[in-house]
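Novice: Going by numbering that gives the first Met the number 0, the residue at position 329 of the sequence shown is 328; the numbering climbs one at a time, nothing skipped.
Any given hint could turn out to be false.
[Stated by the list, open to error] Straight-line alpha carbon distances no greater than 30 Å define the calculated BS3-like cross-link-like pairs of lysine-lysine that follow:
no.: 1; residue 1: Lys366; residue 2: Lys231
no.: 2; residue 1: Lys196; residue 2: Lys231
no.: 3; residue 1: Lys81; residue 2: Lys199
no.: 4; residue 1: Lys366; residue 2: Lys196
no.: 5; residue 1: Lys34; residue 2: Lys67
no.: 6; residue 1: Lys81; residue 2: Lys231
no.: 7; residue 1: Lys34; residue 2: Lys81
no.: 8; residue 1: Lys34; residue 2: Lys192
no.: 9; residue 1: Lys366; residue 2: Lys192
no.: 10; residue 1: Lys196; residue 2: Lys155
no.: 11; residue 1: Lys67; residue 2: Lys81
no.: 12; residue 1: Lys34; residue 2: Lys231
no.: 13; residue 1: Lys192; residue 2: Lys231
no.: 14; residue 1: Lys34; residue 2: Lys196
no.: 15; residue 1: Lys155; residue 2: Lys34
no.: 16; residue 1: Lys231; residue 2: Lys369
no.: 17; residue 1: Lys67; residue 2: Lys1
no.: 18; residue 1: Lys155; residue 2: Lys81
no.: 19; residue 1: Lys199; residue 2: Lys231
no.: 20; residue 1: Lys34; residue 2: Lys199
no.: 21; residue 1: Lys231; residue 2: Lys155
no.: 22; residue 1: Lys155; residue 2: Lys192
no.: 23; residue 1: Lys199; residue 2: Lys155
no.: 24; residue 1: Lys196; residue 2: Lys81
no.: 25; residue 1: Lys155; residue 2: Lys67
[Said to hold, decoys possible] Simulated restraints, written as ranges between beta carbons of each label pair:
no.: 26; residue 1: Ala314; residue 2: Ile6; range: 17 to 23 Å
no.: 27; residue 1: Ala269; residue 2: Arg307; range: 16 to 22 Å
no.: 28; residue 1: Thr130; residue 2: Lys369; range: 56 to 62 Å
no.: 29; residue 1: Gly289; residue 2: Asp370; range: 26 to 32 Å
no.: 30; residue 1: Leu344; residue 2: Gln151; range: 57 to 63 Å
no.: 31; residue 1: Lys369; residue 2: Tyr118; range: 46 to 52 Å
no.: 32; residue 1: Gly99; residue 2: Pro346; range: 41 to 47 Å
The hints are simulated quantities; they were obtained by calculation from the structure and are not laboratory data. In this text, a Cβ means the ideal position worked out from N, Cα and C, and glycines have one as well.
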Amino acid sequence: MKFPYGIADFYALITEGYFYADRTDRIASIEEAGKHLLFLRPRRFGKSLVLSMLENYYDVARAGEFEKIFGHLSIGQNPTVKHNQYFVMRWDFSMVASHGDVRAIERALHDHLNAAIHYFRLQYQALLPNTIELHPDNGIASFHAAIAAVNQTPHKLYLLIDEYDNFANEVMAAQIGGKDRYATLVHGEGILKTVFKAIKSLSSGQGIDKVFITGVSPVVMSDISSGYNVSKDISLRPEYHDLCGFHESEVAGALEEIGRECGLASAQVAEALAMMRTFYNGYRFGYGDGPLLYNPTLALYFLDEYRRDCAYPRAILDSNLAMDRNRIEYIAALPHGNELITRALDPTNPPLIGELANRFGVEDMLKATKDQPFLASLMVYLGILTISDRDAVGRLVLRIPNLVIRRLYVERIRDALLP
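Generate the whole structure from the sequences, applying the supplied hints.
Specialist: What follows is the structure, given as structure tokens:
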């Protein structure tokens with residue numbers, strides 16, 4: 000059994016025989032959910048693989064490989080009529096550098112858009128009647144040219160945007176000058192707002208039919224809302240609760256297979272599952288009572304190491320997740336942040352909110368009173384708190400999801416106390 004740790008390429012994952020927990024049964028629901036969809040999950044939680052799944056399903060250039068890719072999966076047994084009917088363009092805003100002044104960030108974004116459009120031009124050159132003209136200094140103009148070329152064909156565009164808020168979040172969290180740079184990017188005629196205004200405009204019968212956006216929180220989308228007020232947030236819908244993440248039954252099945260390959264006793268496999276449950280399980284996205292989910296990156300890290308060595312990995316925390324400490328530092332610097340962190344560590348006095356906020360910007364957090372839900376909601380979106388249940392009066396009870404995240408809290412407090 001092979002585990003796709005660090006692999007977000009759906010085509011490679013399927014055709015090379017990696018472990019996959021089938022989520023293709025959600026494709027039809029996503030297709031019917033709307034034209035402009037926003038899906039939020041913590042970083043490194045499998046969002047990129049969801050986009051890659053959609054890319055492979057809808058790509059007109061891969062129509063001949065549909066059976067090879069999807070034939071044995073849920074959607075392959077009952078595909079929708081729109082499979083392989085779109086040109087697909089994909090942007091990944093985690094590739095946009097967040098350092099430097101606003102002009103440097105704008106340049107980086109234009110460069111990324113142009114690189115994506117150049118790849119699009121090469122990928123579909125046999126299907127496009129006209130050459131797409133790239134504008135080196137203006138990725139938005141290049142995007143308009145790409146849509147004009149698509150309009151000369153019988154097909155429409157499906158735009159996929161990964162980590163839409165990544166570089167803006169990095170700017171927002173910067174210690175020096177971050178607030179001014181962030182405001183310049185998302186307000187007024189800021190470049191990020193301008194990009195989303197272009198997407199909205201080109202979706203009005205001009206070539207873009209569908210947009211699927213992933214990110215971590217609704218903060219940036221709220222701050223650019225007047226530029227892109229057409230997105231539907233599906234993050235908390237019960238049918239997408241487990242679109243990313245693993246069920247315990249899926250993790251247990253993988254461990255049993257490793258146990259057979261390694262000749263391990265059933266008690267050893269059960270012990271491994273108990274350890275993974277303590278360290279990696281515990282996430283709930285939405286208000287339903289669905290099963291708790293395992294962080295997929297952490298689970299795959301453990302499973303891959305366990306299969307290779309037939310023993311536990313030496314480090315239970317994947318070093319790539321250590322960056323989440325920066326998120327806790329950012330929370331601590333906001334009004335009432337330290338108080339919220341302290342409450343999160345106290346099981347007798349957990350954070351309580353009426354409902355999870357889904358529309359709030361940076362200014363809302365900076366000006367929030369202690370009783371407003373913005374900061375606690377952000378911590379849920381970041382994955383450093385999760386929904387536990389409701390108290391006697393209907394408030395949401397929040398808690399730290401697992402031991403890995405609790406360790407990040409403790410390390411932050413330890414560093415704050417040390418001289």
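Novice: Starting from lysine 196, check that the Cα of lysine 155 is at most 30 Å away, please.
Specialist: This hinted pair holds, its Cα atoms lying about 19 Å apart.
Novice: Tell me if the straight-line CA distance from lysine 231 to lysine 369 falls inside 30 Å.
Specialist: 29 Å, holds
Novice: Quick one, are lysine 366 and lysine 231 close enough, alpha carbons at most 30 Å?
Specialist: 26 Å, holds
Novice: At the C-beta level, are leucine 344 and glutamine 151 separated by a distance inside 57 to 63 Å?
Specialist: 59 Å, holds
Novice: For the pair we were handed, lysine 34 and lysine 196, check the Cα-Cα distance against 30 Å.
Specialist: The hint holds at about 15 Å.
Novice: Given the hint that lysine 366 pairs with lysine 192, test it: the Cα-Cα distance must not exceed 30 Å.
Specialist: Within the cut-off at roughly 23 Å; holds.
Novice: Does the Cβ pair threonine 130, lysine 369 satisfy 56 to 62 Å?
Specialist: 58 Å, holds
Novice: Just to be sure I understand the hint, the distance between the Cβ atoms of lysine 369 and tyrosine 118 should be within 46 to 52 Å; is that true here?
Specialist: 48 Å, holds
Novice: Determine whether the Cβ-Cβ distance between glycine 289 and aspartate 370 falls within the hinted range of 26 to 32 Å.
Specialist: For aspartate 370 against glycine 289, whose Cβ atoms are near 28 Å apart, the range 26 to 32 Å holds.
Novice: Take the C-alpha atoms of lysine 199 and lysine 155, compute the straight-line distance between them, and say whether it is at most 30 Å.
Specialist: 15 Å, holds
Novice: For the pair we were handed, lysine 155 and lysine 67, check the Cα-Cα distance against 30 Å.
Specialist: 24 Å, holds
Novice: For glycine 99 and proline 346, compare the CB-CB distance with the range 41 to 47 Å and indicate the outcome.
Specialist: 43 Å, holds
Taken one by one, the earlier hints all hold for this structure without exception.
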